[in-house]
Structure formats: structure tokens, C-alpha cells
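Colleague: Kindly produce the complete structure, drawing on both the sequences and the hints.
These protein sequence lines are chains A and R, in that order.
The opening residue of the first sequence carries number 82 in my numbering; numbering runs sequentially from there.
The opening residue of the second sequence carries number -11 in my numbering; numbering runs sequentially from there.
For the record, the hints were derived by calculation from the structure and aren't laboratory data.
Take every hint as true, because none was put in to throw you off.
The following label-pair restraints were derived from C-beta to C-beta distances:
{"#": "1", "chain 1": "A", "residue 1": "D117", "chain 2": "R", "residue 2": "E126", "range": "18 to 26 Å"}
{"#": "2", "chain 1": "R", "residue 1": "A508", "chain 2": "A", "residue 2": "R142", "range": "47 to 55 Å"}
{"#": "3", "chain 1": "A", "residue 1": "P115", "chain 2": "R", "residue 2": "P302", "range": "36 to 44 Å"}
{"#": "4", "chain 1": "A", "residue 1": "A118", "chain 2": "R", "residue 2": "R191", "range": "47 to 55 Å"}
{"#": "5", "chain 1": "A", "residue 1": "L111", "chain 2": "R", "residue 2": "E96", "range": "29 to 37 Å"}
{"#": "6", "chain 1": "R", "residue 1": "R130", "chain 2": "A", "residue 2": "Q83", "range": "31 to 39 Å"}
{"#": "7", "chain 1": "R", "residue 1": "A508", "chain 2": "A", "residue 2": "R152", "range": "52 to 60 Å"}
Selected chain A positions facing chain R (in silico; Cβ < 7 Å):
{"#": "8", "residue": "R96"}
{"#": "9", "residue": "G99"}
{"#": "10", "residue": "R135"}
{"#": "11", "residue": "A138"}
{"#": "12", "residue": "Q139"}
{"#": "13", "residue": "M150"}
Positions of the beta carbon are idealized from the N, C-alpha and C atoms, including for glycine.
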Amino acid sequence: MQLSLVMHDWRLLERIVGLTNRLGCAYTSLSVKPSDAYYHATIDFVGPPDALRRLDAQLTRLLNDEKEMSR
Amino acid sequence: MSQLAESTGAQLVLDILADEGVEVVFGYPGGAIMPLYDAMFSHPIEHILTRHEAAAAFAAGGYARSSGRVGVCMATSGPGATNLVTGILDAQMDSIPMVAITGQVRSELMGTDGFQEADVTSIMGPVTKRAVCVRRVEDLERILRAAFRVARGPRPGPVLVDIPNDILKAKCPKMDHFAPHPVPIASERPHDVAIDAAIQLLRGAERPVAIVGGGARSANAVHIFREFVAMFDLPYAATINGLGCAAPGDPNFLGMLGMHGWKAANISVNNADVIFALGMRFDDRVTGKPDKFARNAKIVHADIDASEFNKIIPVEIALRGDLRATLGSLVRRAAQSQPPRFTSWAAEARALGGPLPADRAPAGAMSATSVLDAFFAVAPPDVIVATDVGQHQMWAAQRQRAIHPRNFVTSAGLGSMGFGLPAAIGAQMANADRTVVAICGDGGFQMSLPEMATLRRYDIGVKILLIDNQRLGMVRQWQELFYDKRYSHTDLSDNPDFAAIAMGYRIPAQSISDEADLPAALATFLATPGPAMLHCACYAAENVWPLIPPGATVHDAMNGSASEPEPAIA
Ligand SMILES: Cc1ncc(C[n+]2csc(CCOP(=O)(O)OP(=O)(O)O)c2C)c(N)n1
Chain A
82 MQLSLVMHDW
92 RLLERIVGLT
102 NRLGCAYTSL
112 SVKPSDAYYH
122 ATIDFVGPPD
132 ALRRLDAQLT
142 RLLNDEKEMS
152 R
Chain R
-11 MSQLAESTGA
-1 QLVLDILADE
9 GVEVVFGYPG
19 GAIMPLYDAM
29 FSHPIEHILT
39 RHEAAAAFAA
49 GGYARSSGRV
59 GVCMATSGPG
69 ATNLVTGILD
79 AQMDSIPMVA
89 ITGQVRSELM
99 GTDGFQEADV
109 TSIMGPVTKR
119 AVCVRRVEDL
129 ERILRAAFRV
139 ARGPRPGPVL
149 VDIPNDILKA
159 KCPKMDHFAP
169 HPVPIASERP
179 HDVAIDAAIQ
189 LLRGAERPVA
199 IVGGGARSAN
209 AVHIFREFVA
219 MFDLPYAATI
229 NGLGCAAPGD
239 PNFLGMLGMH
249 GWKAANISVN
259 NADVIFALGM
269 RFDDRVTGKP
279 DKFARNAKIV
289 HADIDASEFN
299 KIIPVEIALR
309 GDLRATLGSL
319 VRRAAQSQPP
329 RFTSWAAEAR
339 ALGGPLPADR
349 APAGAMSATS
359 VLDAFFAVAP
369 PDVIVATDVG
379 QHQMWAAQRQ
389 RAIHPRNFVT
399 SAGLGSMGFG
409 LPAAIGAQMA
419 NADRTVVAIC
429 GDGGFQMSLP
439 EMATLRRYDI
449 GVKILLIDNQ
459 RLGMVRQWQE
469 LFYDKRYSHT
479 DLSDNPDFAA
489 IAMGYRIPAQ
499 SISDEADLPA
509 ALATFLATPG
519 PAMLHCACYA
529 AENVWPLIPP
539 GATVHDAMNG
549 SASEPEPAIA
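Modeller: Here's what the structure looks like:
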């Protein structure tokens, strides 16, 4: 599963890695590029389909909270 | 901001808290956060000094749970901050709005293993919605305002703001404006197509059941929930966080669901063909083995948080949105044509139940369930009960008569011992004129026992109902049932004299061990002005029934019978 994520705070990566590990998934490639006030992360996740689905949903929630915190 | 008047970061923090509507904070001072405490010395915000930071976080949680307002706690760097972790995670697990503020070492010391330095945002990240360190005083107001917004919702939870000592001391312009609040939160609601599909499912149902959870409390949806279930004569159960959602005396309320839930609730949910899961998240204490949970049911799941859909149990229809708005739509659209009524099924569901099985105690010993039965029979209808964690918590949850979910305060998702007394302190601070009772076990009470000093100092009128079975009862019960009666380290028979300790804190206390003394003791206890303790020496081997063993199903429910206590060590 490849996800393109927009982070306002690059430190959010720590939470993403922690969550990935907690859900029994891993990542095989990760790149982060700054652009204007954001960071674009492209991450390839691997793991059981159910866990990947949960990870996707929880990352969406995490990114929403982070976006609101950065406002 | 006006450039005319000068302030400091610390002063600004307090001004923002006041502007966000905060009237009281719970905390404990220390080196890094001293500038904030110094500013507090002459600030109108009330500060409650707890005797441990964990209690400050639990108290902020109790305040928020019982009022719906954001609870605020604060602590110094390093050990102060790490002591907050459990109470913050407790808020995260039960979606409780909280802002935690920690002092941090000076910016130039960060990363040097300075005295009392801890990587607080990394520690707190996984236990909060967001944990942020303020690196420039210019960012302080923006971050704190955002912390309150994010803590409030859409799904509430804790946010941590870590502030280095130099930022608290830094000069900055004085706040000369006020936030336009309360900030209206747009109530997101599901699309009418999904609402209609859910109603359609209900129309075709034969054995529908609703399950209400803590989401109804967060969304202030209790009133509309009652309207929704009444409209269809729909039987319903509640998770532990949904207790109090039922209209008082409503016969269609089948009781608490889950491991120690009522039989009627568990069996009806298990046999249902349609389930409306409203603001609940299918915790394993509720579902047991997920693949055996309500196997024939089509599930409509309403929640504000999309990540809850299909997380544990596959659902037929997901209704994402504010629960109050969702239920409003369901009621409105169902009323457009004759709503179905499930009166005879509701009667059938009720009949599946029966009285709660209880061990009671042998002659001469006092039973904890008798104490709780007697207590709930005489407690004022609007009493706020805060429980600790263990058997007494489950017995209380089974018997409580809360008229609103904010009146039953309990550490549900985290199940953290030590919660009861400080949470009751927070609840009493938010509800000065109500009776607030902390129901504690002898184990958990000893984790927060010094908070009796907090009660005394501020004359906080919390009543402590101490169920002392001289055991870590819940663990003892599992040892009896699942670990071959090997009672490893659960004996507390050398407990101290709790009433004497309470009196040492100048808190009036009674101690009883005979059920005959209960009525008079409870009357005195509840009538005592200010804080009070009623210590109940109870039978050691009373168990909580029913019990669905972990990972099992409702068919495996154990109803037990009284057992003999093991020999005590003392
Ligand atoms: C902080 C914490 N530590 C350990 C536990 C595990 N635990 C759950 S219930 C329980 C026993 C509680 O004993 P007590 O407070 O006396 O209450 P009782 O079960 O006897 O009513 C324990 C140790 C916990 N829930 N929280």
C-alpha cells in the first residue's frame, strides 16, 4: 500500500512509524520532501490487508489532528 | 496583538486558559514549570494541588467526564511529566477532552540529558491526539488555542503542550483580544441516503437491538438517543461508557453489555438480526471473540471517527457524523412514514434476563454486593459516582442507576487503578452542589490514598465508599477461575486501618463489617458535610457474576457460586 501524506510537522513521522509497528506492518520505502509549509511523504507500507486498512484509517485521523494543530 | 502592554509566556498561558473558559486546573509544581506557578500566584484561575501528578491527570479527566468541559492538568518536566502519562492515556482511551501542560527544561538544555529532561513529546505522542513542544514564544498562543480545539473534537481526547522554561519566562505582548468562543463545531452528519438505508434495514428487522456507548456522552446525544429508541420501542444495551443513557426506569434498557454485562443484554445482542451500534467501538470486553459476536446481525455503526468502522467487526452501514446529528436525522426521516415498533420483541428480549447472579457472603460476613445494593438504593438520584478499577467497579456498573452518562465516571478503556478518588475530586470541582461518591477497592484506593489531603485542604466534599475485601479482588477472582487457585500476590489482608488513616487526614470515617449496620452508616456517610469515608470490611472471596471468560462468547457465561477464601497471609 503506497500512501502520499501531507505533514505540517516533520516530527509526525515518529508517530507514523510507531503506529505502523503497533499494527504489525512495516514500510519498504519512505521519502519526505519539504514544499512550502508542508512536507510530502510517500511511504510504501506492507503488512496483512486488515492491518493495512486499519493503518490507513488511523493515519487519516492522525493527519487530520495534526492539520488542525498546525492551523 | 497590541504591542503596548508586555507579558510573559507564563502569563499568556494563564490568560489563554481563562479565555478558553478554564476555571480550575489540577497540577503539581517543579523547577521547569516554576514561571507558570509564579504567574498563577496572582492569577484568578483556581489551581488544585494534588499529591501526585497522576492524580492531577485523573482529576482533570474526572472534571471533563462529569462536565463535558476540557479538563486541564499541569506538571513539571521529567518525572512530573512522566507521572501524567497514565491519566492522559486514560483520557485518550475514553475520548475525554483534556489539555495537559508540562514545563520543559530550558531550550538550550534540551537534548543534553539535562537535569529533569525527558523527551516528553515522544513519550506522549502515542497517548495523545497530539503532543507539541513550543519552541518560540510567538507560537505559544496559536498552539494552545489549537490544543483546545483538537481536544474538544470532533472526537475528543487529550492534547499535550510542552513548554520550555525560557519560553515561559520570555517577554511577549499581552493578550488583548478574546477568542470567539464557544467555537461552533460544524455538526457533520451522514448523507440521507445512508440514513434511509439504515432505516430500511430496521424496518425489515425482527430482532433489532441498539447499543449505546460513550459517543452519546461526548456528542451530548442522550436526549435524542432516548427519543430514537422510544420511537421504535427498541430494546437496547449500553457499554460501560454508555451507562446513564437510558431514561430512568425504561424497561427496554437491557443493561450493561460485555464481560460482566447483564444476561438479557448479552443474549439479545448475540441473537439480534440488526444492531444499531451508536458511539461505541466494539472493545474486546464488549465483543468477546469478535468472529463469534452477533454472527447473524447486520450492523449499522454510527460514529464520528471513520477509523472505527470495520476496525473490529464488519459493518453493513457506516454512518459517519456527530451522533446527535445522526440520531436527529434517523428520527426525522423515520417519522416520514410509519416507524416500525418492536414492542413484542422488546418484551421477549427483557424476558431473556433475570436477576443478577450474586455470591453474597456466608453468615457473619458482609457482602460487597449488598453494600452496593444498599448504597444505590439510598443515593440521591443525581449522585455522581466515580469508581476505581476492579470487582467493585463491575459490581457498581451492574447496579448503578445513573440518570446521565456524566454521572457514572469510570476508567473504562484503560481500566486504571488509582483513578477513582482523584476522578471524584475532579467531578466534585465541576459539580460543586452535587453529591459525589468515589467507590474504591482497597487496592486501587492505596494508589491514590494521599489525595485525602487534597480533599481536606480544599474541603472537597467527596464521599469515599471503600469496599475492602483485603484482596486485589479482580485478579484474585481470575486466579481462582483460570489459574488453578494459585493466589499469587493478591493478598492484602495486612491492610492498614483505613478509617484511622482517614481520620489522620481529618476526614470523618466510619468502619463497618456487619450488614445490619449498613442503613445507619450510609445515612450518616451521605449526610456528612464535606469529605467522609465509609470503610466496609467485606468478604474476601465474593466474585463478579456473570463472567464471560476472555475470548469466549455469551454461551460460555459463568454464573458461579460462592467459594471459600484462601487462607490469608496476615
Ligand atoms: C494501575 C493498574 N495496575 C494493575 C491493574 C490490574 N488490576 C485490575 S483489577 C485489580 C485488582 C483491584 O483490586 P482492588 O482495588 O482491591 O479492587 P477489587 O477488585 O478488590 O474490587 C488489578 C491489580 C490495573 N487495572 N491498573
